[in-house]
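**Q** What follows is each chain in one-letter form.
Number of protein chains: 2
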Amino acid sequence: MKSMKVGLLGLGVVGGGTWNVLRRNAQEITRRAGRQIEVVCVAVRDVAKARARIGEDVCITDDPYEIVNDPNIDIVVELIGGITTAKALVMLAIENGKHVVTANKALLATHGTEIFEAASAKGVMVAFEGAVAGGIPIIKAIREGLTANRIEWVAGIINGTTNYILTEMRSRGLSFEQALAQAQHLGYAEADPTADVQGIDAAQKLTLLASMAFGIPVQLSRAYVEGITELNAVDIAQAEQLGYRIKLLGITRRRAEGIELRVHPTLVPANSILANVEDAMNAVLVSGDAVGQTLYYGKGAGEEPTASAVVADLVDVTRLHTADPGHRVPHLAFQPESVVDIPVLPIDEVRCAYYLRLSVNDQPGVLAEIAKELSNAGISIGSMVQQPPDQGEASLTFLTHQALEKNINQAMLAIEALPFMRSKITRLRVEEF
Amino acid sequence: MKSMKVGLLGLGVVGGGTWNVLRRNAQEITRRAGRQIEVVCVAVRDVAKARARIGEDVCITDDPYEIVNDPNIDIVVELIGGITTAKALVMLAIENGKHVVTANKALLATHGTEIFEAASAKGVMVAFEGAVAGGIPIIKAIREGLTANRIEWVAGIINGTTNYILTEMRSRGLSFEQALAQAQHLGYAEADPTADVQGIDAAQKLTLLASMAFGIPVQLSRAYVEGITELNAVDIAQAEQLGYRIKLLGITRRRAEGIELRVHPTLVPANSILANVEDAMNAVLVSGDAVGQTLYYGKGAGEEPTASAVVADLVDVTRLHTADPGHRVPHLAFQPESVVDIPVLPIDEVRCAYYLRLSVNDQPGVLAEIAKELSNAGISIGSMVQQPPDQGEASLTFLTHQALEKNINQAMLAIEALPFMRSKITRLRVEEF
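Note that the protein sequences, when read in sequence, are chains A and B.
Throughout the first sequence, residue numbering follows my numbering, covering 807 to 1239 in sequence.
Throughout the second sequence, residue numbering follows my numbering, covering 807 to 1239 in sequence.
Bear in mind the hints are in silico, worked out from the structure with no lab data behind them.
Treat the hints with care, since some could be wrong.
When chains are identical, the list treats them as one kind, so a pair holds in a single copy or across two.
[Unchecked claim] Listed next, the in silico SDA-like pairs over lysine to any residue satisfying Cα-Cα at most 25 angstroms (straight line):
no. : residue 1 : residue 2
1   : K808      : S1144
2   : K811      : D1095
3   : K1212     : P877
4   : K1212     : N826
5   : K808      : P1142
6   : K811      : P1131
7   : K928      : C847
8   : K893      : K1230
9   : K1212     : G1184
10  : K1212     : D1196
11  : K1178     : A1159
12  : K1178     : I1006
13  : K811      : Q1141
Using the sequences plus the hints, can you model the full thing?
**A** Following this line, the structure appears as structure tokens:
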């Protein structure tokens, strides 16, 4: 049978991994796919360097448009990253009737709706398993494995860098800065770690997961995003004492009023399965009304784990490219005409439990006044712990029952105005799942 | 678009769950599949009872052949269980050009090769996600999500009944008989628990996983199967003291000499992810050369979790039924012509670490003689623990390094012949993953 001809844009970490895996496992992959998947051309910045790496028998170009416009190429694999050039290349590939495989979450979370519409109109596939949680087949699980379910919520550790930093902060007592430096030293964090530590990378992935779970358009701009840069060792230790660990979670949940879409540090019970996903590992927990909770765990980044997802997409496209486009798996899990614009709730309307840590003057009546303000805002206290006072300062930590975020904010404002308060309240969200 | 017409054989636990899920989530499922999936006829033993349950607007028959021969039906869902009648119905459905969805692991592990061949020849699909690990989409993960990988091994907790029993034995100190009685009382174990507690159910599932992981024929008869009926509280406690938990694992591994295919109680490190899969939950750990280790976790049985898998299969078949049969996902992950009959190794040729517990007379020189026999058989000791002697009897527990099972057997024979031995050696296998 005729081989599938692939053009590879980029030979960096994931591009190089994809090249290696396709070469090394060529026989195994052909036994599965039923035909050979062949990289016929690679576009890179430095042709000489690429030539030294991958040899003489493949075309190498420094012009990615040469690949996107090559009539012999069936599938374009976009692994150059970034948004502007990547978008132009992907849109042109679609226009030229080529299928696209990409691991570019920033591109899809920003322009996914437009890209998927163009692909549907042209009858080509845009596959993106590598865009979320590396080699874990979570997109396949949600789009295909759980189709029977009304999905209720998805909660995931979908950024390995921050999970590594949080693991080190908790287990070895490092500060955020120390753990970040160590992550950079080990190659888990980039020189500019902003997208990871501020939660932006996780929000891009979560946005895609939410669209597929609930059949809503891709809308990164409506996600609430809070990173881990403000977390300190006191709260990590205090959480542990209360039986919790702090994880940077992406959470999306269907509520009667709309969809919650939020990334933030979250207290989860220390004996829960998500709490025990440590180091740079990723895991996504999905709750469906029929199946209950299922979890998907593995490496969320890296050369070959991400390449594993890219190549799985190549096999999928190879299998499905002769199928009637109307019967392929829809890009966002639901048929395009039945994607519904359910509103994404602002963070004020989110409901969860809260961790509140207060520094107060050690004087009588403090607890009563705080409890009164919480009660005024309709917030019910689950538990409270007081640290022994130190130099006239007492530390109080509250775990509340479920409450609306705007009510918590109202209570915090009122409490912070009280005369015995020493500093701003530290507020973290809590999920029990 | 024309709906897909489904005939349902059986309205028991999984059949009833499938009916419920298809009804309750009809709208959500149609939004995904792009067309309605409609149960048009149900075959049951007791028509009146079924009529009372599912109402008047669906055909109900007590003759399953009526469904299998009905030219209006596109997909037959076989949920009656057992092997003989189920096989006849499935083969006839295939002959009649219908797609088949089944959760019948006993049927497929026994007659899978024949059934899949018939289906391939006829150009129809036999989908069986519900046959392994309930609602966890593990078949999809192995057949599609991990296609880039040379899979190295699969290890899973794929029987919820025994996992529940082992959890209760460890956490509450129950005997096997007590834990089994409790499992039966709670509906986790059947009145005749043989297939579960003797490891047969797990072996059926493992056999299917092995075929898909390595591209080998289905061959249940070559699996090594050891259940949990002989496990006692002493070994569970002793394992815990050594930092291990005992799980009934299905393990299949590719080695240079052939394929390991085995179900047995296994010591796994207490802090490993498999050790912490408790109660009736299932989890499958897959190691691939590109992706590394990925884990899939959820409920492995029950009405709606298994129905979740059956309905996902219905959606898959609905999506793929217009596709060229040569491009569908192969039944056993690899194209039929490239399934290779790699030999399955007999248990004698399996290699792992071992736990050996010995009761001996408390006298000098015992340890030296045991160590000599282990050394004669080429077995290296990792660690040894001795319990304080009690009434002249001492208990010694060894953890060996990796060894061939036949060498362990040879050493055990020699040691059991020594005069100071009080009883047979308790031998368990150990895996670190």
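**Q** Each of the hints needs a verdict: does it hold here or not?
**A** Now the hints, each set against the structure:
{"no.": "1", "hint": "K808 / S1144", "in the structure": "between (36 angstroms within a copy, 17 angstroms between copies)"}
{"no.": "2", "hint": "K811 / D1095", "in the structure": "between (41 angstroms within a copy, 24 angstroms between copies)"}
{"no.": "3", "hint": "K1212 / P877", "in the structure": "neither (56 angstroms within a copy, 59 angstroms between copies)"}
{"no.": "4", "hint": "K1212 / N826", "in the structure": "neither (51 angstroms within a copy, 38 angstroms between copies)"}
{"no.": "5", "hint": "K808 / P1142", "in the structure": "between (31 angstroms within a copy, 18 angstroms between copies)"}
{"no.": "6", "hint": "K811 / P1131", "in the structure": "both (20 angstroms within a copy, 21 angstroms between copies)"}
{"no.": "7", "hint": "K928 / C847", "in the structure": "within (23 angstroms within a copy, 38 angstroms between copies)"}
{"no.": "8", "hint": "K893 / K1230", "in the structure": "neither (43 angstroms within a copy, 69 angstroms between copies)"}
{"no.": "9", "hint": "K1212 / G1184", "in the structure": "within (11 angstroms within a copy, 69 angstroms between copies)"}
{"no.": "10", "hint": "K1212 / D1196", "in the structure": "neither (32 angstroms within a copy, 66 angstroms between copies)"}
{"no.": "11", "hint": "K1178 / A1159", "in the structure": "within (18 angstroms within a copy, 61 angstroms between copies)"}
{"no.": "12", "hint": "K1178 / I1006", "in the structure": "neither (37 angstroms within a copy, 61 angstroms between copies)"}
{"no.": "13", "hint": "K811 / Q1141", "in the structure": "between (28 angstroms within a copy, 20 angstroms between copies)"}
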